[in-house]
Amino acid sequence: MRALLRRQRYLLDYSLSSLARRPGKHLALLLVYSLVVFLLASTLLFTQSLRREAALILADAPELIVQRLVAGRHDLMPADYLDRLGQLRGVSDAYGRLWGYFYDPAVKANYTLLVPRQEPPVPGEVRLGAGVARTRGLGVGDYLSLRSARGEPFSFRIAGLLEAETELVSSDLLLLNAEDFRRFFAFPADRFTDLVLRVRNPSEVRKVAEKIALALPDTRPILRDEILRTYDALFGWRQGLIIVLLGGALLAFVIFAFDRAAGLSAEERREIGILKAIGWETGDVLRMKFWEGAALSLTAFLAGYLLAYAHVFFFAAALFAPVLKGWAVLYPDFRPLPFVDGLQVATLFFFTVFPYTVATIVPIWRAAITDPDQVMR
Amino acid sequence: MIRLEQVSKVFNQGRHNEVRAVRNLSLELDTRGVTVLKGPSGSGKTSLLAMIGCLSRPTSGRIHLEGRLISNLPERFMTEVRRATFGFIFQRFNLIRGLTVLENVMLPAYPLAPDPRELRDQALDLLRQFRLAERAHNQAEWLSGGEAQRTAICRALINRPRILIADEPTANLDSQLSRELLALIGELAEQGKGVLISSHDPLVFDHAQVSRVVELRDGGLA
Numbered sequence: 001m002r003a004l005l006r007r008q009r010y011l012l013d014y015s016l017s018s019l020a021r022r023p024g025k026h027l028a029l030l031l032v033y034s035l036v037v038f039l040l041a042s043t044l045l046f047t048q049s050l051r052r053e054a055a056l057i058l059a060d061a062p063e064l065i066v067q068r069l070v071a072g073r074h075d076l077m078p079a080d081y082l083d084r085l086g087q088l089r090g091v092s093d094a095y096g097r098l099w100g101y102f103y104d105p106a107v108k109a110n111y112t113l114l115v116p117r118q119e120p121p122v123p124g125e126v127r128l129g130a131g132v133a134r135t136r137g138l139g140v141g142d143y144l145s146l147r148s149a150r151g152e153p154f155s156f157r158i159a160g161l162l163e164a165e166t167e168l169v170s171s172d173l174l175l176l177n178a179e180d181f182r183r184f185f186a187f188p189a190d191r192f193t194d195l196v197l198r199v200r201n202p203s204e205v206r207k208v209a210e211k212i213a214l215a216l217p218d219t220r221p222i223l224r225d226e227i228l229r230t231y232d233a234l235f236g237w238r239q240g241l242i243i244v245l246l247g248g249a250l251l252a253f254v255i256f257a258f259d260r261a262a263g264l265s266a267e268e269r270r271e272i273g274i275l276k277a278i279g280w281e282t283g284d285v286l287r288m289k290f291w292e293g294a295a296l297s298l299t300a301f302l303a304g305y306l307l308a309y310a311h312v313f314f315f316a317a318a319l320f321a322p323v324l325k326g327w328a329v330l331y332p333d334f335r336p337l338p339f340v341d342g343l344q345v346a347t348l349f350f351f352t353v354f355p356y357t358v359a360t361i362v363p364i365w366r367a368a369i370t371d372p373d374q375v376m377r
Numbered sequence: 001m002i003r004l005e006q007v008s009k010v011f012n013q014g015r016h017n018e019v020r021a022v023r024n025l026s027l028e029l030d031t032r033g034v035t036v037l038k039g040p041s042g043s044g045k046t047s048l049l050a051m052i053g054c055l056s057r058p059t060s061g062r063i064h065l066e067g068r069l070i071s072n073l074p075e076r077f078m079t080e081v082r083r084a085t086f087g088f089i090f091q092r093f094n095l096i097r098g099l100t101v102l103e104n105v106m107l108p109a110y111p112l113a114p115d116p117r118e119l120r121d122q123a124l125d126l127l128r129q130f131r132l133a134e135r136a137h138n139q140a141e142w143l144s145g146g147e148a149q150r151t152a153i154c155r156a157l158i159n160r161p162r163i164l165i166a167d168e169p170t171a172n173l174d175s176q177l178s179r180e181l182l183a184l185i186g187e188l189a190e191q192g193k194g195v196l197i198s199s200h201d202p203l204v205f206d207h208a209q210v211s212r213v214v215e216l217r218d219g220g221l222a
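Sequence order for the protein chains is A and B.
With the numbering used here applied, the first sequence corresponds to residues 1 to 377, in that order.
With the numbering used here applied, the second sequence corresponds to residues 1 to 222, in that order.
Hints may be right or wrong, so weigh each one.
Claimed, not checked - Per the computed footprint, the stretches of chain B lying under chain A, defined by three or more beta-carbons under 8 Å from a beta-carbon of chain A, are:
(1) 49-59
(2) 101-108
(3) 176-190
What the hints assert, rightly or not - Here are the computed distance ranges between Cβ atoms for each label pair:
(4) B:V81 x A:A20: 54 to 60 Å
(5) A:T370 x B:H64: 24 to 30 Å
(6) B:Q6 x A:D371: 18 to 24 Å
(7) B:G42 x A:T370: 40 to 46 Å
(8) A:T370 x B:R120: 52 to 58 Å
(9) A:W365 x B:R160: 27 to 33 Å
(10) A:W365 x B:S60: 53 to 59 Å
I should point out that these hints are in silico values taken from the structure, not numbers from a laboratory.
From the three backbone atoms N, C-alpha and C, an ideal C-beta is built for every residue, glycine too.
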């Protein structure tokens, strides 16, 4: 065992010196390799982080949202539906929500106007999401002037800004009082945008949804799990899109690695011949080249992954954010929470190290089985 | 004793560029003393040395080393025989550029995984013996022809082989260096090493230490 380890150490020593003896070739390979790992790891880390963030935020979301449908489209919810739903067995709480979208032509952005259930602003005041405040250049105490759908001017005093931690979901948010909301949108007094139901027992959620569908056939119950799945699918789709694009880069890298390995220089072939002639077996040469590849792969993987980690978690994935977060004028200034998934690291390792190893092993093996007597000619 | 029976070596067999380097050669060689395979270029000296030294296999025929058939061994066992029995000195030295003299000398021992300190001490002893101690940490490409040749000898000796095989060892040396090399080879022969040399240099096959000269022509005995 000791001899085996010592032998590997000798081979590793030789591999490292071999890498150091051809710095130009190996540095180029290392750079391209690290770049491929960096791009793939950035995508994976960022989308994973977005999903996790969405899941964390939605953890406090209500179990059920009920919307009314007319001709397959979302319609306003009659307030009297609330009483009927609140009496369903298993429902611990039910309330109506008021929210809507408003397009602000001044900055060409859509705001989400929402009446919070707890601590709504006093009439004439609003609390703003950081994105809206940034885009309009407003701060606490300033006035936000908007022209309603009917063309009437409204002016709200900004009572506060929403916390930066919630910016992923609150960037475009504008919180206001129910009266202001109804006046601004000319919203009927006996209507809500939708209804929210709290169900204490998670195993009863589906049953309650079935009861709603039976009791109020013109409504659509939406489960929290369905929203989570939608987010998952959305970010998964975006991640897939990027990975397909990066697949091209990965393929180019494999071709590059193959070309580098297949194009073993005359000097390298001669070196392999010398090693065999002086007593190295084909297996020793392959093991030596394996260590060489392993040292290169691991360095590139580590460098690429650490750079991706810094890119995503310290620089908010500046390169990919536009594609992965979605397009918006009111971009959330979102800093993902550092999170590393072991399976994800293993997957990435497999998809980068394995193609490189396969691409290089064949040409190296072909060189390694050369008859050692070639060096005598 | 090395015994060759009806040994042939054909390169590119069956192709338009087929070359018969060695033809049905039968020969017995002593594993002691200095034996020179003499002959013009293309006479099959190098091919014969490569087959004897387990660097390649004969196309047909058999080679025995001390009564053991070595010409049909699998690659792994052939390598073991090569490593344990033969040390090689090549015409163009074949030192590895970028490595130091010391590293080049230690290289053949790596697969045997000896104790690193012992290996280093042994390599330094050899370098001292061949007046290269002060060059131990120089890169191989900085050496003069004579120094490179002596380094190649140290490398050939690191695994303590019984037989040294030298292919045209004086081809890249001037007369003075050639004589020095032959003197060193003579000393090794006196220490009990068998030496097999291929050469068409009169300085080599006329040397006093040479115990036998085998003349080759067109792949067979002249």
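The hints, checked one at a time:
Coverage of the segment 49-59 of chain B by chain A holds [criterion: at least 3 residues with CB-CB distance below 8 Å; count 4]. A count of 3 residues in the segment 101-108 of chain B with a Cβ less than 8 Å from any Cβ of chain A is obtained; the coverage claim is therefore met, three being the minimum. For the segment 176-190 of chain B, the proposed coverage by chain A is not satisfied: 0 residues have a C-beta within less than 8 Å of a C-beta in that chain, short of the threshold of three. Look at V81 (chain B) against A20 (chain A): about 33 Å separates their beta carbons, and that is not inside 54 to 60 Å.
The supplied range of 24 to 30 Å is met by T370 (chain A) and H64 (chain B), whose beta-carbon atoms lie about 26 Å from each other. Checked against the hint of 18 to 24 Å, the C-beta distance between Q6 (chain B) and D371 (chain A) comes to roughly 21 Å, which is consistent with it. Separated by about 22 Å at the C-beta atoms, G42 (chain B) and T370 (chain A) break the suggested range of 40 to 46 Å. Checked against the hint of 52 to 58 Å, the C-beta distance between T370 (chain A) and R120 (chain B) comes to roughly 30 Å, which is inconsistent with it.
The hint said 27 to 33 Å for the Cβ distance between W365 (chain A) and R160 (chain B), and at roughly 31 Å that hint holds. A C-beta distance of roughly 28 Å is found between W365 (chain A) and S60 (chain B), which places it outside the suggested range of 53 to 59 Å.
The structure fails hints 3, 4, 7, 8, 10 (numbered hints given earlier, in ascending order).
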